[in-house]
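Novice: Chain residues, written in single-letter form:
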Amino acid sequence: MDWLDLTIIFVRTAVIYVAFIQVVPIMIWVERKGAALIQDRPGPNRVGPFGLLQPVADALKFLFKEDPIPKEVNKFLYAIAPFLILLPASLVVCAIPIGDYAVFFGRDVLLQVADLDVGLLFVLSIGSLGVYGILFGGWASSNKFSLLGAMRSSAQVISYEIPLALAAANAVMFYGTFNLRQMVFAQEGTLFGFLPNWGIWYQPLGFLIFFIALFAETNRLPFDLPESEAELVGGYHTEYGSMKFAVFFMAEYINLATASGLMTTLYFGGWHLPWITDARLLELLGSRNLLALLQVATFTVKLSFFMIVFVWVRWTIPRFRFDQLMRVGWKNLLPLGLLNIIVTAIVLYLVEGR
Amino acid sequence: MRDGLFIAFGILTILGGLGVVVARHAIFSAFSMVIAFFGLSALYVLWGSNFIAMLQILIYTGAIVVLFVFVVMLLDLKKESSLDTGSGLAVMLSGATVWFFSLLILRAMNRGSYFASEKVLVSQDMRVISHLLFTKYLWPFEILSLFLLALIIGVCVLARPDSKEGPHK
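Sequences listed follow chains C and R, in order.
Residue numbering for the first sequence follows our numbering, beginning at 63 and increasing consecutively.
Residue numbering for the second sequence follows our numbering, beginning at 96 and increasing consecutively.
Calculated from the structure, these hints are not laboratory results.
In this text, all values refer to a predicted model and were calculated from it rather than measured experimentally.
Glycine included, each C-beta is placed from N, C-alpha and C at the ideal position.
Check each hint, because a few of them may be wrong.
Per the computed footprint, the stretches of chain C lying under chain R, defined by three or more beta-carbons under 8 Å from a beta-carbon of chain R, are [unchecked claim]:
1. 91-99
2. 178-189
DEER-style ranges, computed between Cβ atoms [stated by the list, open to error]:
3. R:A203 - C:L412: 46 to 54 Å
4. R:G99 - C:L253: 47 to 55 Å
5. C:P104 - R:L228: 58 to 66 Å
6. C:I83 - R:L228: 39 to 47 Å
7. C:E345 - R:L244: 33 to 41 Å
8. C:G238 - R:Y232: 21 to 29 Å
The shape of chain C in the complex, shown without the other chains (with noise of 0.2 Å):
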């Protein structure tokens, strides 16, 4: 571990955490131009072309807010809870794997911040402690909607938490390891001859358990109960205002970027192209480097189809109810997750004899 290894961690750290941390502006934009597109009106377009710099506006309306305090708040778990959100939130970027490879200065670069052996743990319980910055802040706020706000994200952040776990442990029993890396390499050429070998054909019923609660984990629509405007004017984040508002809402597109890369990883290839192996690829482009770049960009466009898909599913259909909620999670999802795990193992004892 020489000088030129740290350089190299420090700057592809620092190059992956800036790019997940470009998804916030451009998920504005694509959030704002999408509603309007459903609803059927312009949309932002008063900024820049398209409205494209209407995310610069924004931040910069943010910045020059005043940032107010409510008199009864708690001041301490008032200030730090939107940074208890974007914390976990930017901590579970480093586990996802966004290309294989690249060569510089005659060195590997893994282009993955941290290559770790427990890589799906790491990241489920990281992202698991979201939910105490919607906890304290919403208790901090001293404010009843806040307060309910925050009890109902607990329950829902724990109740779905369960068949988010049995749809990865499903995973982890087919692929046979908890390394996100190993997935991708699992999913890489050709089924039947003209199937992506993606881990979506093994796990279909895993990967709708997965989204589904990717959906609740997030606070997305259709499962966004502590923040319904409707009934709780805005949930946990009521009291909040400027800067610390806008954190709370980049920790929530940090956490659809991971959400989707994590969909990726699991049962969509990760960074390969469909059809193809990466020594094939290799060998038509002739350079390394240039065949991270196109596994990077892959991944990219398969995170990006996500994002859209969230997107999409918010602005489509409406909320649940609470007990609907509850229902779909305790009556459905943890069922179907655990009938999953019963016969992928039987499947795997019958066709791989493990």
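Based on the hints, put chain R in the right spot on chain C.
Specialist: Just chain R, lined up with the frame of chain C:
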């Protein structure tokens, strides 16, 4: 490096544990508990069992303490309940606890290194853990889960409003 990190996270864990006891408000107790559990899982990572560390965060920090916080918020404890620190039994019990743990710490210090018990931690691999859980420790494991189930039922019975008047009224 490893020793330094161990001391840093050990201190963090102990401070978190102290916070649980000392904090004036139940919510800050829960917050300190999160910190303590986080420090503890960092210690597990230093011992080389990443799997246990992640489970520690997933189960305790991510789920159980969230439930604690949930209950604290539900009850909305504004005032600290008074502590009966003067009673002889309390003094005796806390004295015994302090004595017991001091002995443990002294014993551990005599061994020289913080990582002396490396043999205990064969558990790096989840295969090893699962195998032990389903063979050697199967009965203790099942009995423990039955015990927890009994506790849950007990709490439900205790927490239920007077059954003659029917639930929720």
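Novice: Out of the numbered hints, which ones does the structure contradict?
Specialist: Structure breaks hints 1 and 7.
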